[in-house]
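Engineer: Below, each chain spelled out in residue letters.
4 protein chains.
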Amino acid sequence: MPERKRQLNIAMVGSGFIARAHSNAFHQVGHFFEVPFSLCTKVVCARDQQKLQAFAQQWDWQETALEWESVVTRKDIDVVDIAVPNALHAPIALAAAKAGKIILCEKPLALTVEQAAKMAEAVRILPNLVWFNYRRVPAIALAKQWIEEGRLGQIFHYRAYYFNQSGADPAKGQTWRYRRSEAGSGAIGDLLSHLLDTARYLNADISELSAMTHTFAPNRDVDDAVLAMAHFANGSVGSFEASRFGVGRRNGNGFEIYGSKGSLAFDLEDMNRLQFFDATESTALQGTKSMLVTGPDHPYSANFWKPGHLIGYEHTFIATLGDFLEALARQKPFHPNFDDGLVTQKIIAAVEASAASGVWTRV
Amino acid sequence: MPERKRQLNIAMVGSGFIARAHSNAFHQVGHFFEVPFSLCTKVVCARDQQKLQAFAQQWDWQETALEWESVVTRKDIDVVDIAVPNALHAPIALAAAKAGKIILCEKPLALTVEQAAKMAEAVRILPNLVWFNYRRVPAIALAKQWIEEGRLGQIFHYRAYYFNQSGADPAKGQTWRYRRSEAGSGAIGDLLSHLLDTARYLNADISELSAMTHTFAPNRDVDDAVLAMAHFANGSVGSFEASRFGVGRRNGNGFEIYGSKGSLAFDLEDMNRLQFFDATESTALQGTKSMLVTGPDHPYSANFWKPGHLIGYEHTFIATLGDFLEALARQKPFHPNFDDGLVTQKIIAAVEASAASGVWTRV
Amino acid sequence: MPERKRQLNIAMVGSGFIARAHSNAFHQVGHFFEVPFSLCTKVVCARDQQKLQAFAQQWDWQETALEWESVVTRKDIDVVDIAVPNALHAPIALAAAKAGKIILCEKPLALTVEQAAKMAEAVRILPNLVWFNYRRVPAIALAKQWIEEGRLGQIFHYRAYYFNQSGADPAKGQTWRYRRSEAGSGAIGDLLSHLLDTARYLNADISELSAMTHTFAPNRDVDDAVLAMAHFANGSVGSFEASRFGVGRRNGNGFEIYGSKGSLAFDLEDMNRLQFFDATESTALQGTKSMLVTGPDHPYSANFWKPGHLIGYEHTFIATLGDFLEALARQKPFHPNFDDGLVTQKIIAAVEASAASGVWTRV
Amino acid sequence: MPERKRQLNIAMVGSGFIARAHSNAFHQVGHFFEVPFSLCTKVVCARDQQKLQAFAQQWDWQETALEWESVVTRKDIDVVDIAVPNALHAPIALAAAKAGKIILCEKPLALTVEQAAKMAEAVRILPNLVWFNYRRVPAIALAKQWIEEGRLGQIFHYRAYYFNQSGADPAKGQTWRYRRSEAGSGAIGDLLSHLLDTARYLNADISELSAMTHTFAPNRDVDDAVLAMAHFANGSVGSFEASRFGVGRRNGNGFEIYGSKGSLAFDLEDMNRLQFFDATESTALQGTKSMLVTGPDHPYSANFWKPGHLIGYEHTFIATLGDFLEALARQKPFHPNFDDGLVTQKIIAAVEASAASGVWTRV
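Chains as they are written, first to last, in this note's numbering: chain X, 106 to 468; chain Z, 106 to 468; chain H, 106 to 468; chain F, 106 to 468.
One should not assume that every hint holds.
The list treats identical chains as one, so a pair stands whether inside a single copy or across any two.
What the hints assert, rightly or not - Each computed DSBU-like pair below joins lysine-lysine, with the alpha-carbon atoms no more than 35 angstroms apart:
# : residue 1 : residue 2
1 : Lys180    : Lys110
2 : Lys147    : Lys110
3 : Lys277    : Lys249
4 : Lys366    : Lys277
5 : Lys437    : Lys277
6 : Lys249    : Lys411
7 : Lys249    : Lys180
8 : Lys437    : Lys249
9 : Lys147    : Lys180
Don't read these hints as lab results, they were simulated from the structure.
Produce the entire structure from the sequences given, and follow the hints as far as they go.
Structural biologist: Printed below as a string of structure tokens:
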């Protein structure tokens, strides 16, 4: 008979799109990972009563609450999950930290480096996570593994891009993501922050950068697009480009990495694949290999279906949570955490500073 | 306050790979579809006690049973789901039908036309489904919609293929799928049956065919590969090729359709996309369009995530179940059902007859 | 000082599209190959005086003639190149053979096996070539090399297709290619013959086949589409499909080959690439490699430009001619020659016989 | 009888790779274009006597010369073609201009803006061309046409890249292209200059930019890589990245353009195709169209073969020359000419200045 697992009661703040993805992960993680805890979707908080009820029912949350303040301090709550606009990350996380909760927070961590630093400090002894979910795309995890094994040799170029067309859509332009007060920035926090976390994960820290931002839409107080050139600590050179005016791209988040022994490329719209060029092969045999990263022997391939059976967007959240819970059980460090979120926040600050000054900025 | 939904208690027979996919669908359908029932994963049946316990725990089945006979007749069971080797489909389905259950059955429906005919007859007044899940790949559902709208004009060619490399893998060659007594056939039932169901769905009935089978592996009593040429009732010409010796393909299930106004192509290893060539455009503008079928305005795109956010293998089962439950609630016909399974069984029989005789065979 | 090369005076019969490709090859071969002859484009023959003049001027032919009979026997002519409708291949080739000429003939070699056999017999001691130019696509030549090296292991499946949309184009439907008296057949001679020559080159002889043909257009006395299933002498299984009703494909001539150690795929619309899956790699590293076959170390890559610099359709004729002239100088055998053309003609006859009878036919 | 064409005697300086491409264009242009001149490959100049002889023989040059000074002023020479290292462009062009010749010059035009300005001034009344051959890739010419027609609407993003791996190849690192004295720069002149010319052609003038360069190889006095961010005069934002350390890319020269009505993408390693996303279509129908730009109704498709029959690298030179000669005959302006080369030289100077200073620089 299996030993009784410790139950973790979860309070989630938020009921939007990303809250759906989190809810799904809470329900699904046990189906695909050996989870050493029993998760309980206890209470979900949001402001719109009617929408909240429907959400709670659809996603099996036991209770609802219209304000988060009293919830995150409840004794019966173990985990606070923050799935709300960026401006609320800090207050909720700080309150939850004060109450000693396990904290999961959407990206980007905060509006400012100051906020992020306080948050990282506050959770110093608490288990914590930032939902930079793309580290757990199997293809990206495989890229990480191969880079660490030296399959690319010395990295020369790291190129990252994130294009969608949300900014050109008048309907989307009215949401919180297009208001500085709630989002802090535009494409920077929304899209570039993902690229920065992945770049740190796969390549190295950024030491210096030069950036520009541009706003195409009139009367909008956030950036629609951001470009940056960078030097990495490992001597490689980087380029970053993120835009909400990439008409024709829905979720075009990708990278190309060129090294002395080969190259890798990835695009989220084809997320089950990784492109690999192995320059150590004899020249007649060289080519760009399109790898279906569904196993055997690929990251997370034992968790999900079987080789050739694709996974989707939601699985990146499930895998993130699965790894987090395993680290939690083993009392091991987990990444990306609030410290990682803080580093990304510092790069974001450097991007904004450089875009404002027009000069190179150290991170 | 929402009205209380009718609860459906499910008994599933099987605990293998496909039983995982079914279990997942039972748990997930309510998260993505407006389900007019409350589903309860009541009891799972399988022969291996230890494996069964682990399975039941991982997939939240309330009870386990080592034999299906007494389970499928239980009063408290509403739905019987058959997820076992082909040879068991008929006995379980017939028993469940006698007990008046809603019946869901894995494909292919049966070992023989005789079995399939009996099964179809037995469920005449019962809600029933065959898990030809690929009809609900959004890209395939979109293809169906466009063909019905006449976007391809008169169909000339229907080409279908299904290649994987399972047959060349010694480990897999020992499973039930490689024994005639349990599987009925090899690539025919395993792979070709999917192609036939999709062909009927997208194109038309097959009127006549010529087929060949081949077994590459020694000492194997099922076909490793099957090829067929066909005439469809709508005047189009078809080719089918399915093999377990398609080394390099993991789940290479696809089609190409050429019509007077354009063409479509699909491959399951890139299942979120549909290729479309519109020959009604001016020539300078013509090209093969790769469409990311994740919305807006695509089949099932409102159910799952949002445009640009991919779905995976499991969602085809969720969508199949979602549609079935909706049809059930509205007392509307659902396809593919046992009658569809019977038609496919007849085509399979024609394929086997033609392969044996070497002549064209009417279906 | 370079030694004086022997001059070869060429007479070409034909002034259509393919005659352009041949003329280009005669002028270009010396720029890309070490040609041990000096080629002289002496005389071009065609029936339409005005068109012929323009053609001769554009492609630098010294003389023109309205009928071929007297030209192919001229003493000063060394090479007769046949670039006219299929029905004329035999009479011209036989006349040229009688006159002891070097003979180059467009594909398919003839209208019938009888014709082809006579032609092959007539050129027994003469240098001769059939313009199955696709053997010299660098990617196909590389495939040949690798298959011979055993990189695919035992071949299981050979799949070939050739789709274009010419048949659906009313304008094209009026040309000689759509009349049995001049073309002998439709898609069979035009498209399938290429597939058959390549299949023999890459894989093995065909021992037995079952075929069907179909004519979509009313009032057309040739096949618009042909399908065949085959057994090869090496134990592999084959499928062939060629159609002039492949709307959306312009020149979709390709193959997939699956073997025990890997697979290859090619498509003429992407002719500088070869797809390779190496199943001997460790599973985590496996994937389909897209190889740009422009060198270094690829067939013909030293002849043309440099790695990454593509070649086009015309280069297949140049390379065919380059290899032929080298073989001629060294008095070595060249393929594909009239004997190869005869074998293909026999397979075509088997295809037609099987399509008529509906039964399997030995080649 | 056709009227006698004016003969143009050509003197070419250079016998390297690019001189082959030019020689080929001189011989081939008449086969594919209605050329109103008779071209004579009169004399080729280079320093290495032995190599020169072989070159002249292979490419049918009537005479050879070891120094260019006396050749470019010869009375019987009409056209001077400059196909030598960058440092020699200015002296040869100025001498040829003084002698009143028609001048064709390889890119980049010069080593410095000063040189380029003098050259542009010197050829003010002479027909002249800079071999930015990629404007005549049919797919790029089609992109130009569509952008002018407004198919992309307002341009938001212009992204350009050029990656090859030449810099990582020790053998190539010893050639003149890796020495500042002869090449002027590294990836900037070699690769970026192409991107800049294409960007001006397709999009708009660059008003301001910020750039960085990097040299990975030790002891090399030119840049191995260059990155730039830019503002275009039309309000769009640009990114440029060129590197000789793009391991795995042979000739990876491409662009993506995002506009309010759609997007375009191109890559030279797939040069017969253009990718087009039409955002004016209804959402369900949107997708990225891969267009085979081989006709009908595409730029240059009437000149070369027929739809579906690919062209290669060399055809861009043939088409450039064809257009130039037609403009020459009609006394119409031709682009890209020395004035275009001068503008690109100014952007290059701005790139170098910005890379040195670290600040934004106006062009």
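Engineer: Now tell me, hint by hint, if it's right for this structure.
Structural biologist: Hints versus structure:
1. Lys180 <-> Lys110: both (19 angstroms within a copy, 33 angstroms between copies)
2. Lys147 <-> Lys110: both (17 angstroms within a copy, 22 angstroms between copies)
3. Lys277 <-> Lys249: both (34 angstroms within a copy, 31 angstroms between copies)
4. Lys366 <-> Lys277: Between copies only: 17 angstroms across, 43 angstroms inside.
5. Lys437 <-> Lys277: neither (40 angstroms within a copy, 37 angstroms between copies)
6. Lys249 <-> Lys411: Both: 22 angstroms inside a copy, 27 angstroms across copies.
7. Lys249 <-> Lys180: neither (39 angstroms within a copy, 53 angstroms between copies)
8. Lys437 <-> Lys249: within (19 angstroms within a copy, 50 angstroms between copies)
9. Lys147 <-> Lys180: both (12 angstroms within a copy, 33 angstroms between copies)
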